[in-house]
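In order, the protein sequences belong to chains A and B.
First residue of the first sequence? That's 903 in our numbering, and the numbers climb one at a time after it.
First residue of the second sequence? That's 468 in our numbering, and the numbers climb one at a time after it.
Just so you know, the hints here were simulated from the structure itself, not pulled from any lab data.
Remember, predicted model here, so these are calculated numbers, not experimental data.
For glycine and all other residues, C-beta sits at the position ideal for the given N, C-alpha and C.
Hints may be right or wrong, so weigh each one.
Unchecked claim - Label-pair restraints from in silico Cβ distances: (1) B:Glu608 - A:Gly990: 52 to 60 Å; (2) A:Pro1043 - B:Asp606: 43 to 51 Å; (3) B:Glu583 - A:Ala1166: 50 to 58 Å; (4) B:Ile471 - A:Ile976: 54 to 62 Å; (5) B:Met588 - A:Ile976: 17 to 25 Å.
Here's the letter readout for the chains.
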Amino acid sequence: MTTRVTKPVIDSKTAKDWGKFVLYEGCTMPRRMVGSRYTTRFVLDKFSFDYMVLDNARCCGAPVMRSGGEDVSIECRMYNLDLVKKAGVDQIVSGCPGCGSQLKTEEAEKMSIHVYHLIEVLYDLARSGELYQKDLMRPIPNLKVTAHYPCHMHRGMLIDARKIHETIVGAFPNLEYIEMDDSDRCCGAGGGVRASQKELSYTIRKRKLECIEETGADIVIAACPFCELQIDEGLKTDSESGARAITPQSMIAMFFKDIGQEVAKL
Amino acid sequence: MLGIWDQWNLFAAVAMILASVPFLIMLYASIRGHEGTVLCMQCQQCVAVCPVRAAQPDRYMGPLGIEVTSRSGTKERAEEGGLFSCTSCMSCVEACPRGLNVKHDMDKFRASLAKEGMGQMGPHKHIIKMASNYGNVFDKEPVLLPDIKEQKETITKFLKGFAKITKYDDFKIGEGEENK
Chain A
903 MTTRVTKPVI DSKTAKDWGK FVLYEGCTMP RRMVGSRYTT RFVLDKFSFD YMVLDNARCC
963 GAPVMRSGGE DVSIECRMYN LDLVKKAGVD QIVSGCPGCG SQLKTEEAEK MSIHVYHLIE
1023 VLYDLARSGE LYQKDLMRPI PNLKVTAHYP CHMHRGMLID ARKIHETIVG AFPNLEYIEM
1083 DDSDRCCGAG GGVRASQKEL SYTIRKRKLE CIEETGADIV IAACPFCELQ IDEGLKTDSE
1143 SGARAITPQS MIAMFFKDIG QEVAKL
Chain B
468 MLGIWDQWNL FAAVAMILAS VPFLIMLYAS IRGHEGTVLC MQCQQCVAVC PVRAAQPDRY
528 MGPLGIEVTS RSGTKERAEE GGLFSCTSCM SCVEACPRGL NVKHDMDKFR ASLAKEGMGQ
588 MGPHKHIIKM ASNYGNVFDK EPVLLPDIKE QKETITKFLK GFAKITKYDD FKIGEGEENK
């Protein structure tokens, strides 16, 4: 069916209302962007969220769908939704918007499973004033922060990316939020293009890197591990800006005093 | 010579056939799973915002091309025009004044091409095979997620990368080059 995309809306709750949820990690975070995988759990633990990770979760099916494997893709999605249902949980929080938009479907609605992006959880913390923990965090450095709005978050999951990023960055002192031009423009990684046509993927990324350079930002928030991988690699190899792309949870995690000790304990 | 009543019946029959044409087209397209493509009025708003089209204006047919080839079922043209080059960013979906979901049509059309062994490149086939056999698209491991404790070294290096941004000295822990 044709789905009309309307003005992005925010469908989130206050921080206190979050019950138990499944943290869906997808493929990229646990296998390629393991730093973000750790900081996701670290931040959720710090704010005492009640969550569980399903170790036998499979690929969400999004890259499979883009590769022409519709049947396998639907099979993957239904497997994961069934897994969540069997665990007795009715909320999924995904750290990856590609996975989130793949799981946030009519099938999920019929099974009464609500799918959210991790940034909605962080937004609720920022909105309720809980995100900046003065006693637990070190002095926040003066940093210019910009954000890339991942396509599947902004247009796929219909999350108001501008408002959310402004609120999250604005929750911390000394951070200056600068919106880049074409902030919601594709980074070039999705749709199987990075995997199959690297040169095309890099040509698309070039415009994103130019926009980042224009802001003079130190940090680029990319709330998608695949966008993070694509942009951070570009900043290291094709840009002299010195900026780094990280997920919002990684930015928040690094402000905590004890993250070094916690990693050492692993 | 037809009488007035026969003329009226003929007129009514022709009018009914003409009036039902859009419905029949929609029905046909719906059966093929491309009901959205019929509504495309070729206004090119989608082409204007497409980042892939901007990167490859001479090679990539763009979202409008996807809609047109999808509607006509011209698979060879879709393959040549880069159906598998779309990044699924949905800029076209946002721009479409009729709210057509080009991404949905593109997914369907990709699947129908793939069934005939068209369009897919090596990595696409690899992704489907990996997800099907191992439950993830990267590693030849069972479905189970890697244990986070086994990733300590990589996490430590990742943290080290923060030192440059924040100038927090205590992030300079661990050995080896920073790595994500």
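Okay, the hints, checked on the actual structure:
1. B:Glu608 - A:Gly990: 52 to 60 Å: violated, 27 Å
2. A:Pro1043 - B:Asp606: 43 to 51 Å: violated, 36 Å
3. B:Glu583 - A:Ala1166: 50 to 58 Å: Holds, since Glu583 of chain B and Ala1166 of chain A (Cβ atoms, about 55 Å apart) stay within the stated range.
4. B:Ile471 - A:Ile976: 54 to 62 Å: About 58 Å separates the Cβ atoms of Ile471 of chain B and Ile976 of chain A, which means 54 to 62 Å holds.
5. B:Met588 - A:Ile976: 17 to 25 Å: Hint holds: Cβ distance 22 Å, inside 17 to 25 Å.
Violated hints, listed in ascending order, are 1 and 2; each of the other numbered hints is respected by the structure.
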